[in-house]
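Q: Place chain Y on chain H using the hints.
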Amino acid sequence: MVNYIWVGMTIIGIVFALINGTMDAVNKAVFDGAKEAVTICIGLISVLVFWLGMMRIAEESGLLEKLSKLFRPLVKIIFPEVPVKHPAMGYILSNMISNMFGLGNAATPLGIKAMEELKKLNGGKDFASRSMVTFLAINTASITIIPTTVIAIRMNYHSASPTEIVVPTIITTLLSAIMAILIDRYFYYRKKPKG
Amino acid sequence: MSLSTISITFIPFLIGFILLYGTFKQVSTYESFVEGGKEGIKIAVQIIPFLVGMLVAISIFRASGALDALMNLLRPFMKSIGVPAEIVPLLFIRPISGTAALGMTSDLIAVYGPDSFIGRLASILQGSTDTTFYVLTVYFGAVGIKKMGDALKVGLLADVAGIIISIVVVTLLFGTK
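Protein chains in written order, with our numbering: chain H, 1 to 195; chain Y, 1 to 177.
Just so you know, these hints were derived from the structure itself, not from any lab. Note that the structure is predicted; figures quoted are calculated from it, not measured. Any given hint might turn out to be false.
To be verified - List of simulated lysine to aspartate or glutamate pairs, EDC-like, C-alpha gap at most 16 angstroms:
1) H:K28 - H:E60
2) Y:K146 - H:D126
3) Y:K42 - H:E116
4) Y:K25 - H:E117
5) H:K85 - H:D126
6) H:K76 - H:E60
7) Y:K147 - H:D126
8) H:K192 - H:D24
9) H:K85 - H:E60
10) Y:K25 - H:E116
11) Y:K146 - H:E60
Here chain Y stands alone, though its shape is the one from the complex:
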């Protein structure tokens, strides 16, 4: 597990490095830290309305069963292009809810086993894509951008590309068993 050792040591090391470098360059470290930190509170509060709006809409869409219906509608099509039916719900949840996707990934790994085709695919999908809606809402919300331009379209198309790439990569490297 040398990789996780690296990631565990990375943060404390980074903190130590920033502080030592700052001291060496004669920055008033503690005061700078406090000043920078103040900004954090402002940003967190500013995001609230953006995220409330988005999450309520997503929750309604999911709770009503509309998302499931959409999934069932698309399942035959997805299957015909080589996407295993078991993985379809994860594909739809991944861009809209990080916590739900994480739950689904662990569920898929628990049911099909971590070393199965489905288990590996879920692992890689979870690791290599992000919650597009959340990222856009938080980043645009924090700086008060109201017109997102092509960002959502680009983000979602990139997700689709990511899904196709992960299926190809898993199939090539591990086979479909």
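Next comes chain H alone, as it looks inside the complex:
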């Protein structure tokens, strides 16, 4: 599916540029897009190095395991295929917690570690396992408690109450995370052979 979407976006874009006369912009977009991608990755090095370093300490000191013990009952329901004592649990949880606090730059390295562990659980195969799809569904629904960036923008434009969107954001984000999990379940059970 990714292959089709990827080729589709590119080809439709090029054909559209032919009709619309936007070839110049498309030419520029090719190199701008590539450059932006590399810039993002280079920018990620600092946070990846820092937080993965920190997390290694947390892992070796047993902190990560303590954390996962705390939330085990909840996560067990969401990720039935992950053994409760597996390190993936700790990473999944710390990723979710970082996301909740709006620490996007800490969440990404932790999420990647979680994916690594989930891949090990899946025997190192190169296709997405059920737990991976669930994990990413939750991540794209991005559970947030404090949307710091949005609050900052609202303050910039002199909102009477910049933080009034906090509670609605929490409600929305929780409901959409639940929806994400339900949608994920739906596809999983539809595919699973019956009996």
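A: Structure of chain Y alone, referenced to chain H:
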């Protein structure tokens, strides 16, 4: 602004806590940090081709005007189900580009005011959803997963659900003014 005080103190506190706990448990903290950090470089480099491929395709799609055309095509339909026309571009940008979405959100807030229906809706949409394409590309790319399975479908459907939920929540809590 007690909430932002909490988020400002959270990171330094967390760092301090991890370091003290590690020291208490007699972990060789600095060496562990360096070892863990090395992995970060490997991962960042590994993501590059995945992200370059995805971002180039998205840039072409946007720059050619195809995205705008798609939006204009769907606008009447979106309007008929109660989605304000002003917000439609943000809905399409949000899953594919984080920076563009952030720009659009601040633009909407600047134009319509932070305390308007559009301003609030944009704020909540920005805060409660994520850049699905980016998340999938980075996470799958970092561990070398090539077949994403249902992940993209699930992610995008969840985005749609998120949009509907935010419109309902804003309308219920603040009205449509």
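Q: Which numbered hints turn out to be false for this structure?
A: 1, 4, 5, 6, 8, 10 and 11
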